[in-house]
Amino acid sequence: EAGVTQFPSHSVIEKGQTVTLRCDPISGHDNLYWYRRVMGKEIKFLLHFVKESKQDESGMPNNRFLAERTGGTYSTLKVQPAELEDSGVYFCASSPLTGGTYNEQFFGPGTRLTVL
Amino acid sequence: LAKTTQPISMDSYEGQEVNITCSHNNIATNDYITWYQQFPSQGPRFIIQGYKTKVTNEVASLFIPADRKSSTLSLPRVSLSDTAVYYCLVGVPSGGYNKLIFGAGTRLAVHP
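Here the protein sequences line up with chains A and B, keeping their order. Counting from 1, position 44 in the first sequence corresponds to residue 44 in the numbering used here; the numbering is continuous, with no gaps. Counting from 1, position 9 in the second sequence corresponds to residue 9 in the numbering used here; the numbering is continuous, with no gaps.
For the record, the hints were derived by calculation from the structure and aren't laboratory data. Just so you know, not all the hints are guaranteed correct.
Stated by the list, open to error - Heads up, simulated BS3-like pairs for lysine-lysine below, C-alpha to C-alpha not over 30 Å straight-line:
no.	chain 1	residue 1	chain 2	residue 2
1	A	Lys54	B	Lys99
2	A	Lys44	A	Lys15
3	B	Lys3	B	Lys52
4	B	Lys99	B	Lys54
5	B	Lys52	A	Lys44
6	A	Lys44	A	Lys54
7	B	Lys99	A	Lys51
8	B	Lys54	A	Lys44
9	B	Lys69	B	Lys99
10	B	Lys3	A	Lys54
11	B	Lys99	A	Lys44
12	B	Lys69	B	Lys54
13	A	Lys41	B	Lys99
14	A	Lys44	B	Lys3
15	B	Lys69	A	Lys44
16	B	Lys3	B	Lys69
17	B	Lys52	A	Lys78
18	B	Lys3	A	Lys41
19	A	Lys54	A	Lys41
20	A	Lys78	A	Lys44
21	B	Lys69	B	Lys52
22	A	Lys41	B	Lys69
Claimed, not checked - Simulated DEER-style distance windows between Cβ atoms:
no.	chain 1	residue 1	chain 2	residue 2	range
23	A	Lys51	B	Gln42	25 to 31 Å
24	A	Gly71	B	Asn57	20 to 26 Å
25	B	Leu80	A	Leu66	39 to 45 Å
26	B	Thr5	A	Lys15	48 to 54 Å
27	B	Ser41	A	Lys51	28 to 34 Å
28	A	Pro8	B	Thr53	40 to 46 Å
29	B	Asp67	A	Asp56	30 to 36 Å
30	B	Ala66	A	Thr20	18 to 24 Å
31	B	Thr72	A	Asn63	40 to 46 Å
32	B	Ala109	A	Lys78	24 to 30 Å
33	A	Thr20	B	Asn57	33 to 39 Å
34	A	Lys15	B	Lys3	33 to 39 Å
Claimed, not checked - Which residues of chain B face chain A? A few of them, derived with a C-beta cut under 10 Å, are:
no.	residue
35	Tyr32
36	Thr34
37	Gln38
38	Gly103
39	Ala104
40	Gly105
Where a beta carbon is used, it is the ideal one built from N, C-alpha and C, also for glycine.
I would like the entire structure built from these sequences, with the hints used as guidance.
Put into structure tokens, the structure is as follows:
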């Protein structure tokens, strides 16, 4: 069974540009989460989708970040315009809606974003 | 979610047993204790979870005393490949809906 995949693995962009990160969850997982770790900080929650609906977006830092999950399958996270402080590693995770282990989320390898 | 405190780093040698203790003094009645492991350049990976007493799986054991204000992750006979960051999380299970709140974790280095 394929795990959570993220694309790209690395992205280097200049301040002011736009970047779109993609996450493909494990097939059948209706819960999809985005997290990020900025340099020297802890992994922080960004938002949570249940299918195509945003369940919790309390961690989104500002309106430069836009997450979508059209059709309830893969998700994209767009940063526009990117700022220096957006540099970090962005993780995506997924879990089933029912039948899974409590608090078990399956993480992807992350996308390392560098804003110059 | 309850705040957790764990050592910043630990060192061990191959073949030794490693115990990482996490303090969670404000744990709530319904909170479960969950541990994740993260290797370099990978996302965190769930390894074990418990509510009270002892839980064991193929990877680790989790010891939780009666007052539940702390927990200890035990890794038997570590190898170099166990070098990773270990996170202790405390929260309420909601069928997988929980956002996870990570602390700084414990960086474990296993030496030959």
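Structure versus earlier hints - violations, ascending order: Violated hints (numbers, rising): 17, 24, 26, 30, 32; every other hint is consistent with the structure.
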